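Use the sequences and the hints to build the structure in full.
For the record, the sequence lines run as chains A and B. If you're matching positions, the first sequence starts at 1 in our numbering and goes up one per residue. If you're matching positions, the second sequence starts at 158 in our numbering and goes up one per residue.
Where hints are given, some of them may not hold.
Output of the computed footprint for chain B on chain A, the stretches with three or more beta carbons under 8 Å from beta carbons of chain B [said to hold, decoys possible]:
#1 87-101
#2 110-116
#3 130-144
#4 147-155
Quick list of simulated restraints, FRET-style, between CB atoms [said to hold, decoys possible]:
#5 B:163 x A:13: 21 to 29 Å
#6 B:197 x A:66: 22 to 30 Å
#7 A:56 x B:217: 37 to 45 Å
#8 A:24 x B:217: 39 to 47 Å
#9 B:178 x A:137: 30 to 38 Å
#10 B:176 x A:105: 25 to 33 Å
#11 A:5 x B:178: 49 to 57 Å
#12 A:55 x B:195: 32 to 40 Å
#13 A:72 x B:176: 37 to 45 Å
#14 A:33 x B:254: 43 to 51 Å
#15 A:66 x B:232: 46 to 54 Å
#16 A:137 x B:187: 27 to 35 Å
#17 A:65 x B:174: 41 to 49 Å
#18 B:252 x A:33: 55 to 63 Å
None of these hints come from the bench; they were simulated from the model. Predicted, not measured: the structure shown is a model, and the values here were computed from it. Each residue gets a CB set at the ideal place from its N, CA and C atoms; glycine is no exception.
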Amino acid sequence: MYVPVPTMALEWHATDRDEGRALTTMRLPFAVSTADADSVTTELHAVMSPLLNCVITRVGWRWIFRNDDTEPAETGSNTQVLLALFYRNGERYDAFYLPAPNPDYFETTGPYAGIRLDMSNPTVVSAIEALSSALEAVVTPSGDPFPTEFVAGGKVI
Amino acid sequence: MSINIVNKADAPEPPYICELVSYQPEATPFVLYGLWLKSQKYFWNSPADWETAKSLLAQVGSELLMPCGIDIVNGLDRIYNLLDVRLAGIERTVTGSGTSDDPFVYDPILYQTPEIFDDEPISLIGLATTGKRAWKNLLDGVTSPDFADSRSFRDQLEAIRAILADTELDGDEIEGILNLILLALA
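In structure tokens, the structure reads:
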């Protein structure tokens, strides 16, 4: 199966007076730095704007990575089940949601069987530690660091 | 009846109060869905409200997965056991990890009604009982396993007085003997 080369796309969305919409895309290498992407975006925006008889309403960046050559599990459902991972940093809480969690990684006994992430499972513990480590560099839209103290994970239906 | 599900709201600001409630864990996935839904930005009046609400709702969601009921029960059992050892002198062993799957198991069990064993020396009641026996032995010569000498304090003083009366010691010598007795008693 064809797998597209991963790319980073700069996108300009434009609207004319008749609500006609257009999209202009510039593709850059997947590994481009955000500083370079920002520079190219700003320069091209300045060049394009005087040439247009419409309004640029939205500018977006997308890093596009596709993996079409694997088969999803038959029992998985992105639209019906989520895994909520709750994090805390002092008084601030946040949640990270993943689609279609593997049912093997939920508790199997007790009142939270099939509901709560099984923290006695080594695979789960490793994944949570790695995820928490990765989230240390993440900043929320308000500029606050993303909380990295994992609290609990559970199924969302 | 209908409800506007995208009605915007101000987020409640901290500090928050905390209450213990009865809750059915089976409902957790559905409640988490509701919390996730309400965590979307279009339900809140401002970005600041959204940030505050997201944190609050995430806190609630995480706490639904971290019930404290069993911790409270375990804490109460520990207090019961501690008091039982100190008041009644009943020592227990405990096994388990304190989870709902592997609860703490006390041996002997935690009794529904108190059992008092007043001769257990490690209990407060046992210590008080021992002290009472000591006083009764000292004052009245009542014997018990710990205090087998039936001579009371009065009896022993009378014996000393009788010995001194039978001797031909002078006053200074008697005073010297009395001082030795006082030193021994001290």
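Whether chain B covers the segment 110-116 of chain A (at least 3 residues having a Cβ closer than 8 Å to its Cβ atoms): holds (count 5)
Residue 13 of chain A and residue 163 of chain B - C-beta distance against the hinted 21 to 29 Å: holds (24 Å)
Cβ distance range 55 to 63 Å for residue 252 of chain B and residue 33 of chain A, holds or violated: Holds - the Cβ-Cβ distance for residue 252 of chain B and residue 33 of chain A, about 58 Å, lies within 55 to 63 Å.
Hint check for residue 195 of chain B and residue 55 of chain A - Cβ pair distance inside 32 to 40 Å: holds (34 Å)
Pairwise beta carbon distance, residue 72 of chain A to residue 176 of chain B, judged against the given window 37 to 45 Å: At 42 Å between Cβs, range holds.
Coverage of the segment 147-155 of chain A by chain B (three or more Cβ within 8 Å): With 5 residues closer than 8 Å to chain B, the segment 147-155 of chain A meets the three-residue bar; holds.
Cβ contact check, 8 Å cutoff: the segment 130-144 of chain A against chain B, three residues minimum: This one holds; 4 residues, not fewer than the three required, reach chain B with a Cβ under 8 Å.
Pairwise beta carbon distance, residue 5 of chain A to residue 178 of chain B, judged against the given window 49 to 57 Å: holds (53 Å)
Pairwise beta carbon distance, residue 137 of chain A to residue 187 of chain B, judged against the given window 27 to 35 Å: Holds, at about 33 Å.
39 to 47 Å as the expected CB spacing between residue 217 of chain B and residue 24 of chain A, which holds or is violated: Given about 44 Å between the Cβ atoms, the range holds.
Residue 178 of chain B versus residue 137 of chain A beta-carbon gap, inside 30 to 38 Å or not: holds (37 Å)
Distance restraint evaluation - residue 197 of chain B, residue 66 of chain A, Cβ atoms, bounds 22 to 30 Å: holds (27 Å)
Of the numbered hints listed earlier, not one is contradicted by the structure.
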